[in-house]
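Q: Got chain A; can you put chain B on it based on the hints?
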Amino acid sequence: MRRLNDKQVEILIGHVLRAGVLVSCFVTVIGLGLLLIDHATAIPNYHVFHSVSGRLRSLHQLVPDAFLGHPTAIIQLGVLLLIATPVARVAFLVGSFALERDRMYVAVSGLVLVILLVSILFAV
Amino acid sequence: MNQLEFSLFTLGGSLLAGLLGSLTGLGGGVVLVPMLVLLFGVDIHYAIGASLISVIATSSGSAAAYVREGYSNIRIGMFLEVATTLGAIGGAWLATRTPTRGIAIVFGFVLLYSVYLSFQRHDDEVVAHNPWSDRLKMNGTFPGPDGNLQQYSVKHISGGFGTMVGAGVLSGLLGIGSGAVKVLAMDHIMRIPFKVSTTTSNFMIGVTAAASAGIYLRRGYIDPALAAPVMIGVLIGSLIGARLLVKSNVKSLRLVFSVVIFFLAIEMIYNGWVGKV
Chain A
1 MRRLNDKQVE ILIGHVLRAG VLVSCFVTVI GLGLLLIDHA TAIPNYHVFH SVSGRLRSLH
61 QLVPDAFLGH PTAIIQLGVL LLIATPVARV AFLVGSFALE RDRMYVAVSG LVLVILLVSI
121 LFAV
Chain B
1001 MNQLEFSLFT LGGSLLAGLL GSLTGLGGGV VLVPMLVLLF GVDIHYAIGA SLISVIATSS
1061 GSAAAYVREG YSNIRIGMFL EVATTLGAIG GAWLATRTPT RGIAIVFGFV LLYSVYLSFQ
1121 RHDDEVVAHN PWSDRLKMNG TFPGPDGNLQ QYSVKHISGG FGTMVGAGVL SGLLGIGSGA
1181 VKVLAMDHIM RIPFKVSTTT SNFMIGVTAA ASAGIYLRRG YIDPALAAPV MIGVLIGSLI
1241 GARLLVKSNV KSLRLVFSVV IFFLAIEMIY NGWVGKV
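So the protein lines, in turn, are chains A and B. Under our numbering, think of the first position of the first sequence as 1, with each following residue one higher. Under our numbering, think of the first position of the second sequence as 1001, with each following residue one higher.
Just chain B, with the same shape it has in the complex:
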């Protein structure tokens, strides 16, 4: 494959990854890295470098749309960013010291866990009151099932903060947005309404990724000829996905996508284990 063919193939593949990632809400990175590694034979360090850049493009590119429809809570987001950015720097540091095989195996397990999380039910049981949530001005409102605005408060702030450090480490180590873990921290642990959690997570993903991107750049993980088609492809794919989202049957699509990710995860773990990556 020469450079032109390689660029076109990665552009097409990245477009598909971005499209599926945004339609299912799992993010482009989770399928992009396995695709580059398993299908195109790219070293995992270059793959996570290109993926991290595309994560920033998707998060920043869709910010306006998310704010308009969603109910992102910028104070919660900003507070937890302290955790994710510090974690991301730690993760990028780990990535420079972890052998390719190790990264592949961790990646596989994170993929499996993300799929598992995406099938969890969300019960929006609103937390009525928490003094720390008041002190940190994290309370907000969101539209309840009856359409009226409902007040919510935030629980387990330190637990959520700790989990966010973990989300940051995974983002920096694997070059993904780790949106699934961020939503887990906000939705399951801090009991923030699901809609607020997902939109706030989108805001946080780009900032988290930017914290490790500088380290990736300086370490030479970001190869221009690979990063360019990936970044453009994922961005176009995710923008198309955001438009299609309203019309398509997300449930069955998510099932199909999850099966694909399940097998990619197994293959990543297997290849990492036998040292084929």
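Okay, chain A solo, but in the shape it has when bound:
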């Protein structure tokens, strides 16, 4: 019986994840479209790595920039939403283990969630 429940929970989470991917792709496509309208004939240079602009690398500059309509910041927001989908999956599983009263796996999945959040929010 629990096996079945596990699977139902996973399928539900799977649908949530797919929705997340669709939303993030939608945002990214809009950003790319706006970028190409502005800069279709610009010559891109990816031969030499010089890191992208600082504003696109920090969460609290990137998000407001996206809402101001900067194309590259909108794409980056889409990327952030995408990065959030596996994190959401782990968070859902913490909840589903808690409902099953499986303390050991609440701890294991909680640890994975903490590792993810620390690396995404605080890593340097």
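A hint or two may mislead.
[What the hints assert, rightly or not] Computed cross-link-like contacts, SDA-like style, restricted to lysine to any residue with a CA-CA straight-line distance of at most 20 Å:
#, chain 1, residue 1, chain 2, residue 2
1, A, K7, B, N1139
2, B, K1137, A, V16
3, A, K7, B, P1143
4, A, K7, B, Q1150
5, B, K1137, A, Y105
6, A, K7, B, A1065
7, A, K7, A, Y105
8, A, K7, B, F1142
9, B, K1276, A, H47
10, B, K1276, A, N45
11, B, K1195, B, G1025
12, A, K7, B, T1141
13, B, K1195, A, Q8
14, B, K1137, A, D102
15, B, K1276, A, F49
16, A, K7, B, N1002
17, B, K1195, A, I11
18, B, K1137, A, V106
19, B, K1251, B, L1117
20, A, K7, B, Q1151
[What the hints assert, rightly or not] FRET-style restraints, in silico, Cβ to Cβ:
#, chain 1, residue 1, chain 2, residue 2, range
21, A, H50, B, P1145, 53 to 59 Å
22, B, G1144, A, L34, 50 to 56 Å
23, A, N45, B, P1099, 43 to 49 Å
24, A, L59, B, P1099, 43 to 49 Å
25, A, D102, B, L1244, 37 to 43 Å
26, B, Q1150, A, L99, 23 to 29 Å
27, B, S1252, A, V23, 36 to 42 Å
28, B, D1134, A, L121, 32 to 38 Å
No lab work stands behind these hints, which were simulated from the structure alone. Bear in mind that the values here come from a model prediction, so they are computed numbers and not experimental data. Glycine included, C-beta positions come from ideal geometry on N, C-alpha and C.
A: Coordinates of chain B only, in the frame set by chain A:
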């Protein structure tokens, strides 16, 4: 090439990479990074940044389908995620300190090893009993050759965990899903049935990649104008691939794809060695 042309070319190439990656089970990243580096002349740091994002898209996008058909074991997956996420953070840290040439050479060798692994036979010799597997609640069932559900248990948990740290490091260093190494750890070392290993690996790939993605983003490896067409292309390609999978002759396709990857690997190693990347 202007921005519009570049976007269209990378979109098309990424679509192809995602399609082949999902048809052969090797993943989109293994052909995407060499394509961007060798064909489009993109610096390997931008290439692995874009590739890592596409890995997350593929893993999350196909999660529902995998769960429905497969027999992924979320407890095993979650337990081993502790290893892969820590490894991935280490790998992303290494990527910021490894010169382009070094990454290219390591990438080439990992490609060769992935091809080798994909030709290994899988014998589903079920482990009947292991006290640690019981304690960690890792036992599960999967459909055996006769169609009936068969119990399985898990062996060599610490060995599998250690290998998963390595899989995480490679994922963070090279921007790939490193599904081949994950399946190796579960299938060969922990003796988990192959079908369970592959579906559980798909679940783990996205979580592993997310652990290094934040570091990539902050380090400026994720260039929006490159990441956008790559992410969209790979996602579309892998979704088409998942639909075609049922109809096509995977065996011969995998052979062709492996030959392509073999030559890409040699070229990556050569270019890294002489410093042409």
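Q: Decide, hint by hint, whether the structure agrees.
A: For each hint, the structure was consulted:
| no. | hint | verdict |
| --- | --- | --- |
| 1 | A:K7 to B:N1139 | 15 Å, holds |
| 2 | B:K1137 to A:V16 | 26 Å, violated |
| 3 | A:K7 to B:P1143 | 15 Å, holds |
| 4 | A:K7 to B:Q1150 | 17 Å, holds |
| 5 | B:K1137 to A:Y105 | 9 Å, holds |
| 6 | A:K7 to B:A1065 | 12 Å, holds |
| 7 | A:K7 to A:Y105 | 16 Å, holds |
| 8 | A:K7 to B:F1142 | 13 Å, holds |
| 9 | B:K1276 to A:H47 | 11 Å, holds |
| 10 | B:K1276 to A:N45 | 17 Å, holds |
| 11 | B:K1195 to B:G1025 | 12 Å, holds |
| 12 | A:K7 to B:T1141 | 12 Å, holds |
| 13 | B:K1195 to A:Q8 | 19 Å, holds |
| 14 | B:K1137 to A:D102 | 10 Å, holds |
| 15 | B:K1276 to A:F49 | 14 Å, holds |
| 16 | A:K7 to B:N1002 | 48 Å, violated |
| 17 | B:K1195 to A:I11 | 17 Å, holds |
| 18 | B:K1137 to A:V106 | 13 Å, holds |
| 19 | B:K1251 to B:L1117 | 14 Å, holds |
| 20 | A:K7 to B:Q1151 | 17 Å, holds |
| 21 | A:H50 to B:P1145: 53 to 59 Å | 56 Å, holds |
| 22 | B:G1144 to A:L34: 50 to 56 Å | 53 Å, holds |
| 23 | A:N45 to B:P1099: 43 to 49 Å | 20 Å, violated |
| 24 | A:L59 to B:P1099: 43 to 49 Å | 29 Å, violated |
| 25 | A:D102 to B:L1244: 37 to 43 Å | 38 Å, holds |
| 26 | B:Q1150 to A:L99: 23 to 29 Å | 28 Å, holds |
| 27 | B:S1252 to A:V23: 36 to 42 Å | 38 Å, holds |
| 28 | B:D1134 to A:L121: 32 to 38 Å | 36 Å, holds |
When each numbered hint is compared with the structure, violations occur for hints 2, 16, 23 and 24.
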